[in-house]
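Each chain, written out:
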Amino acid sequence: MFIDFFYKLKDQGVPVTPTAFLTLHKALSRGLIQSLDDFYTASRSILVKSERYFDLYDQVFAHHFEGAELTDAMGLELDELARALLEQWLQDPKTIADALGMDAAELQKLTPDELIEYFKERLKEQTERHDGGNRWIGTGGTSPVGHSGHHPGGMRVGGMSRNKSAVKVAMERRYKDYSLQGPLTRAMMGEALKRLRHLRPSGPRDQINIDKTIYQTMKNAGEIEIVFDRSLKDRLKVILAIDNGGWSMDPYIPVVQTLFDYTRAQFKALTTLFFHNTIYDTLWGDPARYRKPRPIQEFVRQDPDTRLILVGDASMAPYELMAQDGSIHIAVRSGMPSIECLKFLAQTFKHCVWLNPTPRYQWDYTRTIGLIAQIFPMFELTIDGLEKAIAHLMSK
Amino acid sequence: MTTNNFTGASHYVLDAELAQIVNVSMALEMPLLLKGEPGTGKTMLGHAIAESLKMPLIVLNVKSSMKLVEALYQYDTLTRLNDSRFGDSNRDVSDIEAYIRMGKIGQAFIAENRCLLLIDEIDKADTDFQDDMLDVLDQMSFDIMEIDKTVKALQRPVIIITSNAKKDLSDPFLGRCNFHHIAFPDPKMMRKILGVHFPDISDTLVENAIAAFYRLRQIDGLEKRPATRELINWIRALQSDADFNPKQLVKNDLPFLGVLFKKSRDYQTAVEQVRRRVKY
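Those sequence lines, one after another, are chains A and B.
Residue 1 is where the first sequence starts when you use the numbering used here, and the numbers rise one by one after that.
Residue 1 is where the second sequence starts when you use the numbering used here, and the numbers rise one by one after that.
One chain only, chain A, in its complex shape (with noise of 0.2 Å):
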């Protein structure tokens, strides 16, 4: 039973694993499994384990139960206009039927859902007449059912009215917002900087200082006195190379700066330099790349443990990092093509990443991507990426 449902949802790309798979058959054969709504819950709840994935689910449950189209960003949106129109529908159908060229008489005697569909369809034909559509009224918007009274005593499932179809919740897609596709922004700090934290070695905490006790013991002419040290927290130092050149990289150069700067505790040493599109002979310590140079060369001093963390669209013209004399400004001259600066500070630091904000089904159409990649492991400028990076840093 549902075999389909539990490929299709593992073809998705939601992580489902057999033994969650007979949880659900057990649910099933119990009885505790009435409805599709039930459903629905029940085997959300068995099946999936990160609200990440509950977007997918809630897609792939449309699809199969309903029929729904799967990933298609266009369908969905005419789901939404649909639904958007229906509401109008609800409180002013002579209007929407005015706009549609129908009758309204006729119109009433469809279902809702299959006013939907007849949308739908109107929608797809007549693409213009979308003014209304991104006014999108509240979900629960329809809800007749008179649920506000409280009993002051007990309570109140039979409170809360769901008069919408599992099916119909799932095309909701009220988990949109937990996906964690999309690139960096503001709003998922807290979550970023979640993954940041286990940027930081932990070994055992307390531990007996056997000398010590003895000597303490001694000293107390057999009293027994326990020590207890702190293990000393061996802490990172990290070098945080942002390219802040080019516009394309601005939205994300306040975010990745705020975010390590509020990690900076954590770290023995958080360096934060500059760069444009490519790093040649030289890093900057100020935004404006012009008042603190620091030559690469410098950097072999450094601890070879230091984490170096790169920020960049890494997309330029490829001359720019391929030609002894690439950079774009005029002044810079190092004789080194930047690609073997690059390199240089890759042997040097042996922990090292390149977070990119572009998306990654778009690197491969950027040449410059493709050559610094091979040169440092790049990952998406994304939650998911972010959380691959620190992996990364933290491996021997």
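These are calculated hints, taken from the structure and not from any lab test.
Keep in mind that this is a model prediction, so the values were computed, not measured.
Only true hints are included.
Only some residues are given here: those of chain B computed to face chain A with a beta carbon under 7 Å:
| id | residue |
| --- | --- |
| 1 | E17 |
| 2 | Q20 |
| 3 | I21 |
| 4 | V24 |
| 5 | A27 |
| 6 | L28 |
| 7 | L174 |
| 8 | G175 |
| 9 | N178 |
| 10 | H181 |
Below, in silico cross-link-like pairs of lysine-lysine (DSS-like), each with a Cα-Cα straight-line distance of 30 Å or less:
| id | chain 1 | residue 1 | chain 2 | residue 2 |
| --- | --- | --- | --- | --- |
| 11 | A | K212 | B | K67 |
| 12 | B | K262 | B | K124 |
| 13 | B | K224 | A | K388 |
| 14 | A | K237 | B | K67 |
| 15 | A | K237 | B | K124 |
| 16 | B | K224 | B | K247 |
| 17 | B | K224 | A | K268 |
| 18 | A | K26 | B | K54 |
| 19 | A | K237 | B | K224 |
| 20 | B | K263 | A | K268 |
| 21 | B | K124 | A | K388 |
| 22 | B | K251 | B | K263 |
| 23 | A | K268 | B | K124 |
| 24 | B | K67 | A | K268 |
| 25 | B | K192 | B | K262 |
| 26 | B | K251 | B | K188 |
| 27 | B | K67 | B | K124 |
| 28 | B | K124 | B | K54 |
| 29 | A | K268 | B | K63 |
| 30 | B | K63 | A | K237 |
| 31 | B | K152 | A | K26 |
| 32 | B | K63 | A | K388 |
| 33 | B | K67 | A | K388 |
| 34 | B | K251 | B | K192 |
| 35 | B | K63 | A | K212 |
Virtual Cβ for every residue (Gly too), placed ideally from N, Cα, C.
Could you slot chain B onto chain A? The hints should help.
Showing chain B alone in chain A's frame:
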């Protein structure tokens, strides 16, 4: 196994979806993992279930430095050492078991009646803790190494686990739990929640306070957005102010913003925003 179904408690507003999940998890005897923003009532749910099913509640507050053993049992070596030296206690020093004290999970296992074990904020501990706990919860037993004894759960406790962060727990751990994410309550739900906490509150106050509250939550760049708890406290504060008139709220005259915003930067942002809106 139990015929008792969970339907809600006197101070908790339960939505049908969550009730279903709680009941399925209890029937399948699987731990239920709850995630969600702070202030969505994850911890409260544990209390509510215990109250409504009349089970004793045992809360394990996870701390970052916690080792699993602490949650299971503790071997009090220091007391034993002292007892052996001074000999002034009535415990038998040669009997190690007298110095074993049960931790929260241990207590839940040896409880006579089926109880509810609430493991709060598991994400605070490191992954080792979570993975080790897995085995214990799976087997429903653990060994006390010092006395070579196995403690088996007399009654399988109902287990609720909460996690604040959106950080992922390890895969094998998740595999053994049911999962639910509690979304922040929408205004409609919030009205009901307030109804439970303030049975005789005026409708205007509720409406205006909720409207203002959700407006404030939308301010950009807040470090900690106010949650249900803050709203309830805010309404308490408003009620206790004799000069306060609910109609003020509509005009964006919002007193006691400090109750809602606990971080000074957030507070300033909020005050600024509110002031700006008053002008228009």
